[in-house]
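With this note's numbering, letter number 41 in the sequence shown gets 41, and the count goes up by one each step, no holes.
Worth flagging that the hints you see were computed from the coordinates, not collected in a lab. Idealized CB from N, CA, C, for every residue including glycine. Careful, some of the hints might be misleading.
Claimed, not checked - DEER-style ranges, computed between Cβ atoms:
#1 W66 <-> M23: 29 to 37 Å
#2 W103 <-> V75: 35 to 43 Å
#3 L28 <-> A76: 19 to 27 Å
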Amino acid sequence: MSATTFTMLLAGAANLLPALFFMFTALLGSNGMNSAQGGQLLGTLAVLLVLGWLAALWLARHLAHWCQARGWSTVASVAAASGGAVAAFTVLALLSTLVALLWVGA
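Given the sequences, and given the hints that come with them, work out the whole structure.
As structure tokens, this is what we get:
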């Protein structure tokens with residue numbers, strides 16, 4: 001398995017925990033909304049989180065290539081690329097959650 005493939009698998013799996021956390025946060029935020037607003041919030045956030053997850057995979061792939069091109073070891077490039085992708089996804093998920101909550105008027 002190449003370093004890029006392993007990085008994408010690791011980052012993809014690691015990004016599931018923040019995604020679940022922010023979906024749970026949105027579910028709590030939708031408490032007290034009518035069903036149309038709650039469905040709109042959860043649907044919007046699900047789409048945003050999937051797009052962010054795909055963007056994080058793309059980032060992990062390119063970071064791994066960049067690290068390998070600079071001569072970094074495989075372990076260092078996988079760690080840097082996975083860590084960078086998870087950090088970027090977490091920030092993106094936080095912003096997506098806040099924007100979705102504000103959009104539906106929570």
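Here is how each hint holds up against the structure:
no., hint, in the structure
1, W66 <-> M23: 29 to 37 Å, "holds, 31 Å"
2, W103 <-> V75: 35 to 43 Å, "holds, 41 Å"
3, L28 <-> A76: 19 to 27 Å, "violated, 38 Å"
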